[in-house]
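The lines below spell out each chain.
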Amino acid sequence: MTQSTATGQTVSTPKSRQSALANARYKKESALKSNIGLTVYLILLILPIYWLVNMSFKTNQEILGALTFFPADFTLANYKQILTDPSWYNGYINSMTYVAMNMTISLLVALPAAYAFSRYKFVGDKHLFFWLLTNKMAPPAVFALPFFQLYSSIGLFDTHIAVALAHCLFNVALAVWILEGFMSGVPIEIDETAYIDGYKFWNFFIKIYIPLIRSGIGVTAFFLFMFSWIELLLARTLTATNAQPIQAIMTRTAGASGIDWGLLAAAGVLTILPGILVIYFVRNHVAKGFALGRT
Amino acid sequence: MAQITLNSLAHSYSANPQGPEDYAIREMQHVWEQGGAYALLGPSGCGKSTLLNIISGLLQPSNGEILFDDIRVNDLKPEQRNIAQVFQFPVVYDTMTVFDNLAFPLRNIGVPEHKVKSKVYEVAEVLELTEQLKRKAKGLSADQKQKVSMGRGLVRDDVSAILFDEPLTVIDPQLKWKLRRKLKQIHKQFNTTMVYVTHDQLEASTFADKIALMYEGQIVQFGTPRELFESPRHTFVGYFIGSPGMNFIRPELTSRGLEFEGQLMPVNEEMIEKIRKLGTSNIKLGIRPEFVHVWTEANDDAFEVTIGDIEDLGTYRIMSFMFGSIPMKARLHEDQKVPVKNARVSFPEQWLKVYVDEYLLELTHE
Amino acid sequence: MNKIESNKGWLFVLPVFIVVAFSAVIPLMTVVNYSVQDVFDANTRFFTGTEWYRDMLNNPQLQGALIRQFIFSFTILAIEVPLGILVALMMPKKGWQASLALVLVSLPLLIPLNVVGTIWQVFTRTDIGLMGWGIRELGYAYNISRNSGDAWATIILMDVWHWTPLIALLCYSGLRAIPEAYYQAARIDQASRWAVFRFIQLPKLINVLVIGVLIRFMDSFMIYAEPFVLTGGGPGSSTTFLSQALTAMAIGQFDLGPAAAFSIIYFLIILAVSFVFYTTIMHMQKDKTTSKSGE
Chain A
1 MTQSTATGQT VSTPKSRQSA LANARYKKES ALKSNIGLTV YLILLILPIY
51 WLVNMSFKTN QEILGALTFF PADFTLANYK QILTDPSWYN GYINSMTYVA
101 MNMTISLLVA LPAAYAFSRY KFVGDKHLFF WLLTNKMAPP AVFALPFFQL
151 YSSIGLFDTH IAVALAHCLF NVALAVWILE GFMSGVPIEI DETAYIDGYK
201 FWNFFIKIYI PLIRSGIGVT AFFLFMFSWI ELLLARTLTA TNAQPIQAIM
251 TRTAGASGID WGLLAAAGVL TILPGILVIY FVRNHVAKGF ALGRT
Chain B
296 MAQITLNSLA HSYSANPQGP EDYAIREMQH VWEQGGAYAL LGPSGCGKST
346 LLNIISGLLQ PSNGEILFDD IRVNDLKPEQ RNIAQVFQFP VVYDTMTVFD
396 NLAFPLRNIG VPEHKVKSKV YEVAEVLELT EQLKRKAKGL SADQKQKVSM
446 GRGLVRDDVS AILFDEPLTV IDPQLKWKLR RKLKQIHKQF NTTMVYVTHD
496 QLEASTFADK IALMYEGQIV QFGTPRELFE SPRHTFVGYF IGSPGMNFIR
546 PELTSRGLEF EGQLMPVNEE MIEKIRKLGT SNIKLGIRPE FVHVWTEAND
596 DAFEVTIGDI EDLGTYRIMS FMFGSIPMKA RLHEDQKVPV KNARVSFPEQ
646 WLKVYVDEYL LELTHE
Chain C
662 MNKIESNKGW LFVLPVFIVV AFSAVIPLMT VVNYSVQDVF DANTRFFTGT
712 EWYRDMLNNP QLQGALIRQF IFSFTILAIE VPLGILVALM MPKKGWQASL
762 ALVLVSLPLL IPLNVVGTIW QVFTRTDIGL MGWGIRELGY AYNISRNSGD
812 AWATIILMDV WHWTPLIALL CYSGLRAIPE AYYQAARIDQ ASRWAVFRFI
862 QLPKLINVLV IGVLIRFMDS FMIYAEPFVL TGGGPGSSTT FLSQALTAMA
912 IGQFDLGPAA AFSIIYFLII LAVSFVFYTT IMHMQKDKTT SKSGE
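Chains as they are written, first to last, in this note's numbering: chain A, 1 to 295; chain B, 296 to 661; chain C, 662 to 956.
None of the hints are false.
With a straight-line Cα cutoff of 35 Å, these simulated DSBU-like cross-link-like pairs (lysine-lysine) come out: (1) C:K754 - B:K372; (2) C:K669 - A:K200; (3) A:K207 - A:K121; (4) B:K483 - B:K429; (5) B:K429 - B:K414; (6) C:K664 - B:K429; (7) A:K200 - C:K664; (8) B:K433 - A:K126; (9) B:K431 - B:K479; (10) C:K755 - A:K33; (11) B:K410 - B:K372; (12) C:K754 - B:K433; (13) C:K754 - B:K431; (14) B:K431 - A:K121; (15) C:K664 - A:K207; (16) C:K755 - B:K372; (17) C:K754 - A:K33; (18) C:K669 - A:K207; (19) B:K483 - B:K433; (20) B:K433 - C:K664; (21) A:K207 - C:K755; (22) B:K433 - B:K479; (23) B:K372 - A:K33; (24) B:K372 - B:K477; (25) C:K664 - A:K126; (26) A:K121 - C:K664; (27) B:K414 - B:K483.
Rather than coming from a laboratory, the hints here were simulated on the basis of the structure.
Sequences are here, hints too, so could you generate the full structure?
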C-alpha cells in the first residue's frame with residue numbers, strides 16, 4: 001500500500017482493485033454458501049431414499065448383519081420376485097389404472113368448470129366454489145367407511161373405478177382450483193376474438209384455449225397424479241383383491257418369520273419410479289406453472 | 296459526481312465472438328463529462344441499453360474499461376458505483392408507501408432520517424407526488440409509478456451519474472413533455488451528469504446539451520443537436536436525424552468531377568482531389584430537404600426536376616420530386632410559391648455533404 | 662377481469678357437481694345419519710340426537726388427539742415454510758443444475774404415503790437403519806418405540822422431509838415470476854440482501870405461500886399412513902393423531918355412531934380453519950385486481 005501511495009495517481013486504482021477483489025470474493029462466497037446449503041439439503045433429502053435403494057439390492061442376511069453402505073452381495077432377487085409374481089406386479093398395474101382413470105375424469109370435468117368460474121358470474125358461484133374446496137379438506141378417514149358402504153351397495157367394491165371416483169373427492173376440487181387460477185390469467189379478449197372469428201365454443205375451447213394453458217394443465221396433472229398415487233386409506237378400504245393397490249400389497253412382506261426387508265425395499269423403490277417419470281415430463285412447466293397462475 | 300470515460304470498450308453477448316457483427320458494442324472511446332446532460336440516441340437494437348447497463352455495472356463488458364474520474368470501476372458492482380438508473384418500465388416496491396419508496400435508496404446508505412425526510416419532500420415536490428406520499432405504491436397508476444421510479448433515481452444528490460433508459464415510454468404525451476422539462480430543471484439545479492437513452496430525436500434534442508448517436512454498436516456522432524443536424528458525420532446520422540431525413544445520391548467520379556446521371560454536382564476542386572486520392576467507389580452526396588433550394592424561374596445552377604406529391608404540414612410543406620431516377624424531398628416555407636409540375640432545384644455547395652465509405656469527408660483546413 | 666353474468670356457467674359446472682355430489686354428498690349424509698343414531702344391527706337403531714357429539718367432545722382420547730394434531734400441524738408449518746423459502750432461494754435459476762435440483766427436490770412428493778412411512782421406519786431402525794444406527798453410535802439411546810420425544814422428533818423430521826419440497830417448488834416458481842428489472846433496480850438502490858428479500862421477493866411469494874400453507878395445513882391435519890407405519894401411533898398414544906384415532910374407533914371398535922359424530926366434528930374443525938385461510942386468499946386477490954385496474 002505504501003508503495004502505491006507514493007505514485008499519486010495509481011493510489012485509487014489499487015484501492016478499487018482491492019474492493020473489487022473483495023467484492024468478487026463476497027459474491028463467490030454467497031454463491032458458494034447457497035451451493036453448499038443446497039447440496040447439504042439435497043443429500044439429506046436423498047439419503048433415506050438411497051438407504052431404501054441400497055437395501056433393495058441386498059439379501060436379508062446382509063441387511064440384518066452389519067451395516068453396509070453398498071450391497072456387498074449385490075442381488076436382483078427381490079426385484080425378480082416382484083416382477084415375476086402377478087399377485088405383486090398386478091398391484092402396480094392396479095394403482096396406475098385407477099390413478100390414470102382419476103386423472104382423466106378429474107381433468108375432463110374440471111376444465112369446463114374452471115372455465116365457468118373464471119369467465120361467468122352465476123347464481124351461487126362463490127358458494128359452489130367454496131363447497132368444492134371443502135371436499136379437499138375432507139379427511140379420507142371420515143369418508144372411508146361411508147365410501148365402503150356406498151360402493152358395496154352399488155356393486156363397485158373392489159373395482160378401479162371405485163377408487164378413481166373416491167379420489168375425485170379431493171382431486172376434482174384441487175383441479176378446479178388450480179386451473180381456475182391459470183384461466184383467470186388468460187385475457188377474456190382472446191375468447192371474444194375467437195367468437196368474432198366465427199369459432200364454435202368447443203372448437204375454440206379445444207383448439208385455442210387448452211393450448212394456452214398447457215403449463216397449467218401440466219401442473220394440474222402433476223398434482224392429480226401425486227395425490228391419487230400417494231393416497232392409501234381410501235384405496236385400501238375400497239379394494240380387496242382385484243383392484244388392490246401396491247401400497248396395500250406391500251404389507252404382505254410382514255410374515256410369520258419377520259419382515260422380508262429386501263422385498264419390502266424393492267417394492268418401495270418400484271413405487272417411486274412412476275413419480276420420477278412424471279416429474280421428468282412436467283419439469284419444464286415447473287418454473288412457470290407451479291405458482292399456479294397466482295403471482 | 297464524476298466524469299465517465301469509456302476506454303476501448305466493447306461488449307459481446309456471445310462467449311466466443313467471431314466478427315464485428317457479434318458485438319453489441321463495438322470498440323469505442325468516449326467521455327461523458329461531469330455535469331453534462333447527454334442523450335444516447337439510436338434505433339432499437341443499436342446497443343444503447345447495453346451501453347447504459349455497462350456504465351451502471353449491471354453488465355460486465357467483454358473488453359475495455361470504464362473509468363469514473365480516472366478510477367477503474369469494471370469490477371465494482373452497481374451498488375458500489377453509486378449510480379442511479381431509471382428503467383423503461385416502472386419498478387416500485389409494492390408493499391411500501393410512496394414516501395418509503397423514495398426514501399429507500401437514502402435509508403440503504405444510512406442517511407439520517409431528518410435529511411431523508413427533507414430530501415424526499417423536495418423530490419416529491421418537483422415530481423408533483425406530494426399528495427401521494429402516504430399512499431401504497433401498489434395502487435398507483437402507471438405514470439405515477441414511473442414518477443416514483445424516477446424519484447428514487449433523483450433523491451441521492453451524491454451519485455456519480457443518473458442514467459435514464461427510455462424512462463418516458465409508458466407516460467402519455469402531455470405529461471412526457473412536462474417531465475422532460477422537470478428533468479432539465481433538476482439537471483440545472485443539481486448539476487449531476489445525466490445520460491438519457493431514447494430512440495426519439497425530439498426527446499433527445501429537448502433534453503440534452505449533447506447527443507451521442509448510436510448505430511450498430513458504435514457511437515457514430517457525438518455533438519450538439521445542431522451539429523448533428525447541420526453536418527452529419529455519417530450517412531446514418533443524416534438519415535436518422537431530421538424529418539424527413541437527408542437526401543442521398545450516388546455520383547460517379549469522372550474526369551469532370553462528381554457526376555450524377557450526366558449532371559455535374561457542385562463540389563469544389565479541392566474536395567474532388569481528396570476523393571481521387573482515396574480511390575474508393577463508395578461515394579455519396581447528401582443534402583437535407585431544408586437546404587434544397589427551389590427556384591420558380593430559370594437559373595443556371597439549377598437542375599430540372601419532376602415534382603411529385605406536396606405534403607402540407609401546417610407551418611411548412613414537403614415537396615417530393617424526382618431528381619433523375621432518385622426520389623428526393625425538399626422543405627418549403629408555408630408562404631413559398633410552389634412550382635407546378637416542373638421545377639428547378641439547386642444544391643448550395645456548403646450544404647452538399649460528401650460521404651466516403653459512409654463517413655463525412657471534410658477539408659481539414661478552414 | 663370482467664366476468665359475464667350468465668347462468669350458463671352452471672352448465673359447465675354440472676359435470677363437476679355430479680361427480681363431487683356423488684362422492685361427497687351421499688357419503689356425508691351417511692355419516693350425518695349415523696352420528697345421530699345408535700346402530701345395533703341393520704334393523705335396530707335409535708335416534709340419539711346430539712348425544713354422540715357431547716360424548717365425543719368430552720372424550721379424552723379425542724381431546725388428546727386434537728391437541729396433538731394442532732401441535733403437530735403448527736410445528737411442521739413453522740419449519741416447512743421458512744425452510745421451503747430458503748431452499749427455493751438457494752435453487753439455481755437455469756441450466757442443467759436447475760433441472761437436476763427440481764427433479765431431486767420433487768422426488769419425496771411422489772412417494773406413496775405408507776412407503777414414506779416405510780422408508781423412515783427402515784431408515785430410523787437402530788439395527789438396520791442408517792439414521793437410527795448413526796444416532797446410537799453417537800452415544801444417544803435413540804428409541805422411537807419407547808421414547809415419545811424421539812417418536813415426535815422423528816415424525817416431524819419425516820414430514821419436513823416429505824413436504825418441504827412442496828413449499829419449495831411453489832416458492833421457486835413464484836420467484837421465477839419476478840422480472841429481472843426489480844433486482845436491477847434494487848442493486849442500483851443499494852438494497853441489502855435482506856431488503857431485496859423483504860421488499861421484492863417476499864411480497865411476490867405471499868400468494869403462493871398462502872396456497873402452500875393451506876394445502877399443507879389440510880393435509881397435515883389428515884395425516885394417517887405415515888405415522889401409522891412409522892410409530893403405529895405410539896409409544897402409548899403419544900403420536901396418535903385425529904385420523905388414526907378415528908379409524909381405530911370406526912373400524913377397530915366398530916362404534917359407528919360415535920365415530921360418525923367424531924368425523925363431523927373433525928371435518929368442521931378443518932373447515933373452520935381453512936375458511937379463515939380461504940377468505941384471506943380471496944381478500945388478497947381482490948387487492949390484486951384493484952391494483953390491476955389502476956394500471
